[in-house]
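A.B. asks: One-letter residues, chain by chain:
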Amino acid sequence: MSHPVVPIKVYVAVFLMLIALTLTTVAVSKVELGEYNFVVAMTIAVVKGTLVVLFFMHVRQSSAMTKLFVAAGFFWMAILFVFTMSDYLSRGWLPAPGWW
Amino acid sequence: LANSDIALQHPAELKHHFDDVEQQLESSTLGMWIFLATEIMFFGGMFCSYTIYRAAYPEAFASTSRFMNVTIGGINTAVLICSSLTMALAVRSAQLGQKKVLIWLLILTLSLGCVFLGLKAVEYHEKWVDYHIPGPGFHYEDARYARQAQILFYLYFAMTGLHALHMVVGGGLLIALIVMAARNRFSAAWYTPVDMIGLYWHFVDIVWIFLFPLLYLIGHTK
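Just so you know, the sequences run in chain order H and S. FYI, the numbering used here numbers position 47 of the first sequence as 47, with every residue one higher than the one before it. FYI, the numbering used here numbers position 82 of the second sequence as 1082, with every residue one higher than the one before it.
The set of hints was computed from the structure by calculation and includes no laboratory data. Backbone N, C-alpha and C define an ideal beta-carbon position, used for all residues, glycine too. Accuracy of the hints is not assured; some may be wrong.
Coverage of chain S stretches by chain H, computed from C-beta distances (three or more under 8 Å per stretch; other residues unrestricted) [as the list claims (entries may be wrong)]:
| id | region |
| --- | --- |
| 1 | 1016 to 1030 |
| 2 | 1101 to 1108 |
| 3 | 1197 to 1210 |
Input sequences plus hints: build the corresponding full structure.
C.D. replies: Here's what the structure looks like:
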């Protein structure tokens, strides 16, 4: 009712992009890029996730309130990661017995 | 009595505590996203433990990816993306009030979900045959990483298992939608359950979009 009907070709275009990105991420994983393999794989995953959220889940057409809650969900997960990793990754920085 | 009749005059699909259909759909969507935010936290905890152990044991984690079946994992990624497309199209046909198309697209989505779970079962069986199930029977080919690799396989089963459980729940919800659609419960004016379960289905797809590179592709070149 509230969100307008999206043409089929938009869904198909998003679908084709998702398939192309999946093939890309598999192809890139076979190339030795060192640390960048992980960066590329995660960047592609974030792009794919964003496409699904914006187009398949209609967040693009949702109200500002819904968008705020969607962003808050991912922002809180970012807090979880940033605070946890800032602890674990900085443990070796001071001369103290490590746990690994 | 005449006055109360007037007060109760509203479309059948509109619950009387909402101003209009727009507001009703808006509150459903917001409520569903709040639920999905709790799901983001739920899976986020597991992704975070994966990140901690991967940072601690990068070589051991990279060594496990040669025992992951990238072919099945890749096909399953494509299967889930196809099912997200059919689900998005199902919501669209519900918007347009196309009952037959809606039912067929829901059945197609459910079938693709079953294909995913079937392929997952094949993979779990491979892990069983290879002694890669964490526990007393666990055996790892590279003795240097045996203990650390077991952590990754534990995370593999916990994360893909929880994801598969969400797929099973999604399948049950799809069956409920198919029954409701067949009983003419939806119309172009009211199809909220299709819309909300669509959001859930796409969310489960997003979880897999992250699981696939993390579990199957990391350290693939080694």
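A.B. asks: All the hints need checking, so say for each whether the structure fits it.
C.D. replies: Hints and how they fare:
Proximity of the region 1016 to 1030 of chain S to chain H, defined as three or more residues with a beta carbon under 8 Å from a beta carbon of that chain, is established by the 6 residues found. With 0 residues carrying a beta carbon less than 8 Å from a beta carbon of chain H, the region 1101 to 1108 of chain S misses the three-residue requirement, and the given coverage is violated. For the region 1197 to 1210 of chain S, the stated coverage by chain H holds: 8 residues have a C-beta nearer than 8 Å to a C-beta of that chain, and at least 3 were required.
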